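Chains as they are written, first to last, in my numbering: chain A, 1 to 109; chain B, 110 to 223.
No lab work stands behind these hints, which were simulated from the structure alone.
It should be emphasised that the depicted structure is a prediction, and the values quoted were computed from it without experimental measurement.
For each residue, glycine too, the CB sits at the ideal point set by N, CA and C.
Be careful, since some hints might not be right.
Claimed, not checked - Derived EDC-like pairs: lysine to aspartate or glutamate, alpha-carbon spacing no greater than 16 Å straight-line:
#1 A:K68 / A:E3
#2 A:K42 / B:D147
#3 A:K96 / B:D168
#4 A:K1 / B:D168
#5 A:K96 / B:E211
Said to hold, decoys possible - To spell it out: a stretch of chain B is covered by chain A in this simulated footprint if at least three of its residues, at any positions, have a beta carbon under 8 Å from a beta carbon of chain A; those stretches are:
#6 146-152
#7 210-223
Said to hold, decoys possible - Anything over 10 Å on all C-beta distances counts as not near chain A; from chain B, calculated:
#8 F121
#9 R122
#10 E124
#11 Q126
#12 S131
#13 E133
#14 D139
#15 I160
#16 N162
#17 Q165
#18 G172
#19 S176
#20 K180
#21 S189
#22 L199
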Amino acid sequence: KQEVTQIPAALSVPEGENLVLNCSFTDSAIYNLQWFRQDPGKGLTSLLLIQSSQREQTSGRLNASLDKSSGRSTLYIAASQPGDSATYLCALDTGKLIFGQGTTLQVKP
Amino acid sequence: DGGITQSPKYLFRKEGQNVTLSCEQNLNHDAMYWYRQDPGQGLRLIYYSQIVNDFQKGDIAEGYSVSREKKESFPLTVTSAQKNPTAFYLCASSQITGLNTEAFFGQGTRLTVV
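Bound conformation, chain B alone:
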């Protein structure tokens, strides 16, 4: 099936550890995004990428890092510098040119710091 796959669904991290969240898409989309969602709040943009080997900071990039070595993959690393990492993380992808620029989302990863 075509779509976006995020893994794992649930992730627990000890304080001081780095963790990496996976996001893979087989839609041949150019753009990929990472968002953070806290309870009762909207989505805040962490990082986004419109082309392989290039990415831009969003509104809350501090404490996070990304890479875009392949078109299909956009992993997010939550570093120990992120002071409050417990949240729901959502990955999305879209085409950036043409008639259909609809964005699609994965099912999310819930990260909890223990």
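Just chain A, with the same shape it has in the complex:
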């Protein structure tokens, strides 16, 4: 059974810091991996999608990497801002989407 783990569960950083969120999974048989952002009481917003054959994707200050052999993905956020405060979730597509528990990020002004 595919298991997805996100570490840390919570993170607090000062504005301007670069940071890395981690996502690990147990089965490398995936179609793609997707990172989402969730604001309190809201739905999920897609940030980046990495296809199984890709190693990384970039969008603005965000960069996501995928290493299937080690069962890991990272989301790198450059020059963090208070508006980045949210919960970040990774999801694996194995024919159905399987989510990690998320990392709640607080960026302090």
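Start from chain A and add chain B according to the hints.
Below, chain B without anything else, positioned relative to chain A:
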């Protein structure tokens, strides 16, 4: 605008009642999903469908039912058999083949049992 629409945003149910949550998408996506989210927790899969008139149970399907009579619609019924239905419910859709299989979510329905 293209996207996924969930309604209602808030729903209150008396114990013993069935309620139906609506999910509509105009993205022409084949796959649709229902998730449940409890406070401080991740998303748990209830049901998913990859084609019209077919659907599969997820990890926590007991007490729920779905239908997929149209590609655009995937309603979820929370039955009286669901012992703890108070939660935030999220619907998603995605394409299942091709280059872009990105999943998109609705804004959610918050169900409260009173």
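Hints versus structure:
no.	hint	in the structure
1	A:K68 / A:E3	holds (14 Å)
2	A:K42 / B:D147	holds (13 Å)
3	A:K96 / B:D168	holds (11 Å)
4	A:K1 / B:D168	holds (11 Å)
5	A:K96 / B:E211	holds (12 Å)
6	146-152	holds (count 3)
7	210-223	holds (count 9)
8	F121	holds (16 Å)
9	R122	holds (19 Å)
10	E124	holds (24 Å)
11	Q126	holds (24 Å)
12	S131	holds (14 Å)
13	E133	holds (14 Å)
14	D139	holds (12 Å)
15	I160	holds (13 Å)
16	N162	holds (18 Å)
17	Q165	violated (8 Å)
18	G172	holds (19 Å)
19	S176	holds (18 Å)
20	K180	holds (18 Å)
21	S189	holds (26 Å)
22	L199	violated (6 Å)
Hint check: violations occur at hints 17, 22; the rest are consistent with the structure.
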